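Chemist: Given next are the chains, with one letter for each unit.
Protein chains: 2
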Amino acid sequence: MSTIKPDNFVLFGDICYSESLKTLRCVEGGFLVCENGRSAGVYGSLPEEYASFPQINHAGKLILPGLVDLHMHAPQFAFRGLGMDFELLDWLESYAFPEEAKYSDTDYARAAYTSLVRHMINGPNTRFCLYATVHVPAALLLMDLLEESGLVCMAGKVNMDRNCPDYLREKSAPRSAEDTRLWLERSAGRYKNVSPILTPRFVPACSDGLMKELALLQKEFRLPVQSHLSESLAEIEWVKQLCPSCRSYAEAYEQYGLFGGEHPSVMAHCVWAGDDEIELIYRNNTYVAHCPQSNMNLSSGIAPMRRFLNRGVKAGLGSDIAGGCHSSIFRAMSDAIQASKLRFRYVKPHEAPLTVNEAFYLGTLGGGSFFGKAGSFETGYEFDALVIDDSTIAAPFPLSAEERLARVIYLSDDRHILQKFVRGRCVKE
Amino acid sequence: MSTIKPDNFVLFGDICYSESLKTLRCVEGGFLVCENGRSAGVYGSLPEEYASFPQINHAGKLILPGLVDLHMHAPQFAFRGLGMDFELLDWLESYAFPEEAKYSDTDYARAAYTSLVRHMINGPNTRFCLYATVHVPAALLLMDLLEESGLVCMAGKVNMDRNCPDYLREKSAPRSAEDTRLWLERSAGRYKNVSPILTPRFVPACSDGLMKELALLQKEFRLPVQSHLSESLAEIEWVKQLCPSCRSYAEAYEQYGLFGGEHPSVMAHCVWAGDDEIELIYRNNTYVAHCPQSNMNLSSGIAPMRRFLNRGVKAGLGSDIAGGCHSSIFRAMSDAIQASKLRFRYVKPHEAPLTVNEAFYLGTLGGGSFFGKAGSFETGYEFDALVIDDSTIAAPFPLSAEERLARVIYLSDDRHILQKFVRGRCVKE
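Residue numbers (my numbering), protein chains in the order written: chain W, 194 to 622; chain C, 194 to 622.
Hints in this document: simulated from the structure, not taken from any laboratory.
What you are looking at is a predicted structure, and each value in this text was computed from that prediction instead of being measured.
It does not matter which identical chain is meant; a pair holds if it fits inside one copy or across any two.
Subject to a maximum C-alpha distance of 20 Å in a straight line, what follows is the list of computed EDC-like cross-link-like pairs (lysine to aspartate or glutamate):
| id | residue 1 | residue 2 |
| --- | --- | --- |
| 1 | Lys215 | Asp278 |
| 2 | Lys541 | Glu280 |
| 3 | Lys541 | Asp278 |
| 4 | Lys405 | Glu371 |
If we strip away everything but chain W, and leave its shape as in the complex, we get:
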């Protein structure tokens, strides 16, 4: 942890950030001002009023907003990279569920989550939406560890009361709701940087009764929601059978008020969202957490990101650890671009692939806005910043800041992160 005073300081370096999907701003040799944990703007020359702030000279380094992971499963970190020859439903049964069951043991959870949080600190992401497991003590433990890290997180105790192995299934809807209330009451007022998010796993694993209970808790505690939507074809077929009265998978959430609107929600994947579902997502201000690597690993498909963006749907990127193996949202950016190019080539030749700058937007400001003012350096945004030493990604000719950013997206790893700030506080150096 740093000795830098978190309140007021200035970073000097080569600064890049998204102003919008289409607009990347780069200021080479610029000043980024942090005032009370928020950006006070980016300047080519430092305004007089900030002259007294301590300056950190990162000349020649890149300064970028912290990255945002809108979707990951904390207990799955332990087995990332395993079971990659399976599709979603088999993979859940063979790998995800047996591993998640172990988190009833808080000693196991402490060891595994400690390793995860160390990894999260080390990487380029500063904000996360995470799934814990069904277990209240392990979920609280995870939140405690995350709070210590200084990262900004929304974390959720998972709800699931059907269609999953006995050893993991919550015994009834009221019992699941009771545990959820316990978790919410215990976490209330306990954290500065960590907050609870309601986490019905996905429609197949949540009974109607459970959805109703969760909707009540949502209203009482004013909670955001995270879940999964239209990830794989087999899953969608299953949802159709489970919810014959719903016209789309999304409606199975919306009918209970668990799909955006008054309370923000973020839905992972949305690979197979059709016109009606896209409209529902848009109208409810629901966020899409695009998890391209997971969607490749589990043979799910390629989400229609160009259509979402054209429609004005809010979207960011997710690692989906461990459907995806890689936690870095830089990797998710390049995965998103690559996947979009294959979609363009094979599925929809009229949907232009994502550009590098668009992917950068998605992984910063796009997902960041789910947390409020985060993911950019515009004045008033919370001060999440990465200082990147890209000197070892050698080029024998000069590069612009924008070109260096592209190389960092494709080629950097945690060794290149010199400092990482979250809400004005240095969490890695």
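Guided by the hints, dock chain C onto chain W, whose structure is given.
Modeler: Frame of chain W; chain C shown alone:
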């Protein structure tokens, strides 16, 4: 460089290697014997005859064959990760050709190639097929630097006499052939680990006259050939116009004898190979260098690897630096799997995706066989080996060697490589 005597020694550790496409052999706590630079086999307990060999104890470490990169462009390393919003032909004009022109300056080439070779030593690949540029001095310089590295390489001075910018185009077919002869004569007898490979860039850039000249040189010097085949749709359309009498792109090479048969050849990409072309590839014993990341980055498509494998076509993996950004063939393995899953999902539901073990085969024994007996630890194979310390890819539960291999494929980087041996000689530790 190591002090280990390259002739005879034993590595102890957890050993994995492909015996065939379908068979991975893992020996946990096994002995891998190097005798005169070749494998003398893998044993659960060390045979008496090797008891006098020095032993290196890598208990708990993974020992794998060195990886093989069947396709990369040495001068493009400098700009990997740039220009990723372009497709092939525009990308060549905007990035590849202007950069390659700089290699007429040997000082520039020395700086850039030195940085590349350092990077190659550091990574997991032990064997490479590389393209240099058209320039003879820079091609020889590259080969000198590669020889110093201890890596095993086939490197080629590029030939191109049409359809490329004036500043890079060789002025005539005879002039290109003359330069090629000069390059071959100067490199003859000069290297132990580096050898020349004939490198007509691709059909659009090589006139009929040039192809004829190269065919003569091939026979005289008994050279293997590397080139590009059926990479992108626009390129294929172009080849059709240039070679109206050929029934396929492959025939444009085959008609000159530059497509396998007596002299081995390796063709990069083969994304859009149809039945006839696959038959021609098979009948000529031509190798396919599958470059999945490049094919995504340049929106080219996904090569039909399952069809190649089912037909018995010989195939390995390529980084295609800088169409691909990443040099590690571990990355190419996971890219190949991911791409094959999207092909399965969107293009050919009857072509099963590549498994982890199949991708490992392609990146080791599959490509290695282009170099003779390389890419495996079977007795008699040249001793290329990686010692991997995967202890930092933490799991809170025990893993089999096969599971650890999968994680190394998906998650490792150059930090995990503890030692790298090529032909029995340690080139990195």
